[in-house]
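Asker: For reference, the chains in residue letters:
Number of protein chains: 4
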Amino acid sequence: MASIPEITAKIRAFRDARDWAQFHNPKDMAIAISLESAELLEHFLWKNPEEVASRVTSHLDEITDEIADIAIYLTELADNLGIDLVQAMDAKLAKNEAKYPAEKVSGSSKKYTEYPEA
Amino acid sequence: MASIPEITAKIRAFRDARDWAQFHNPKDMAIAISLESAELLEHFLWKNPEEVASRVTSHLDEITDEIADIAIYLTELADNLGIDLVQAMDAKLAKNEAKYPAEKVSGSSKKYTEYPEA
Amino acid sequence: MASIPEITAKIRAFRDARDWAQFHNPKDMAIAISLESAELLEHFLWKNPEEVASRVTSHLDEITDEIADIAIYLTELADNLGIDLVQAMDAKLAKNEAKYPAEKVSGSSKKYTEYPEA
Amino acid sequence: MASIPEITAKIRAFRDARDWAQFHNPKDMAIAISLESAELLEHFLWKNPEEVASRVTSHLDEITDEIADIAIYLTELADNLGIDLVQAMDAKLAKNEAKYPAEKVSGSSKKYTEYPEA
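Protein chains in written order, with this note's numbering: chain A, 1 to 118; chain B, 1001 to 1118; chain C, 2001 to 2118; chain D, 3001 to 3118.
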């Protein structure tokens, strides 16, 4: 199991064996993605950098499952909408390159709207 | 551009050209994923099923970008933690198969804790 | 127990008896509010309008607790930042009145940026 | 303007003048609360403790509005469900007292399930 198309086919099969497509409209899929993101973030609530680093070791299995859950819903949603996920990531990275030129933003985490006009 | 390893290399290069790894600890990456999930979900606030279906057509480009943003952060986080994303999805699907046996849950959206004991 | 000042004092006392102010910086409080919001939203995942209406009856106690959790963190955060919560709500409602004039938006759920220029 | 009942009446009036109750079912209200929570959390993405402290000063007006937005939706949702918000907070604080006895948890941020059995 090594590719997005293969895992997407597995996700579709899992959903259809349970007749769950009826629930998987884009709005509920977006909610599901948000909820799984919260389960991931919950691991780090109240934690300082040292504790965060420790947590990703002590709870790596759970965190891996959380990440997988987000990825599964996201992959299915993209598939349902006819979006090529890797191509979309590639295109967005290109947009990000333009929004955040390396020579201008290096080392700064400001949002692009917070940069003074060139 | 067609594989996760290739896009992951691009994401790393983008981040390192800007010296942004210093900000990309797991806690902030999890926050970023949550925030991007909210941007996706925002498209569907107040909308009924017909309006949701219409929205994914009228705003497909924006929605594609939102999905790409989530995927980019998720891919980088998995890479930072040494997680093989597709393998993790595969393993989690197997766990889901056990939690939600097709013959038991077909057509029902209840969470596994809401099913009567077998 | 009937007022915000009284409940705020109780929240402060609860936090200080446990020496928890050290964790309650604005960033972690905002994360906590997001996580509790997700717990509330989880009740409605996959559910259609009839099922949503049924859920708020069958699970009213849990939903009440979820709402209380959000309110508790929000009240403490406002207090920590020296914000008068009710006054802030009042001011924001006034801003909303200007952004969404009743005669212009009645019956429509579009965001103000989606309205044609007057 | 100093009480929850007064601000609740204002919120109801604002909603009804625009005929918006039709959109304010519990599911969409919960989504709205999540989205506003994300807008609040966005202020602190990538920021270390010093930058967080600086942000709540430099952007206090925006952050106050974000907090007000969450509070407004939460207040209306509680009202719609017949929940007395302050009473619910009081009851939940009492439950929290039992879950996290001060003598046991003082100075520790662990979740109650992470404490060893007494």
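Think of the hints as simulated: they come from the structure by calculation, not from any bench. Some hints here could point you the wrong way.
To be verified - Here are the computed lysine-lysine pairs in the DSS-like style, where the Cα-Cα straight-line distance is at most 30 Å:
1. C:Lys-2047 to B:Lys-1047
2. D:Lys-3104 to C:Lys-2092
3. D:Lys-3010 to A:Lys-47
4. A:Lys-111 to A:Lys-99
This structure is a prediction, so every number in the text was calculated from the model and none was measured.
Asker: Each of the hints needs a verdict: does it hold here or not?
Answerer: Consistency of the hints with the structure:
1. For a cut-off of 30 Å, the pair hint linking Lys-2047 of chain C to Lys-1047 of chain B stands: about 14 Å separates their Cα positions.
2. Between Lys-3104 of chain D and Lys-2092 of chain C the CA atoms are separated by roughly 41 Å; this puts the pair beyond 30 Å, and the hint is violated.
3. In summary, the hint linking Lys-3010 of chain D to Lys-47 of chain A is not supported, as the alpha carbons are separated by about 39 Å, beyond the 30 Å threshold.
4. Of the supplied pair hints, the one linking Lys-111 of chain A and Lys-99 of chain A holds, its CA atoms being roughly 9 Å apart against a limit of 30 Å.
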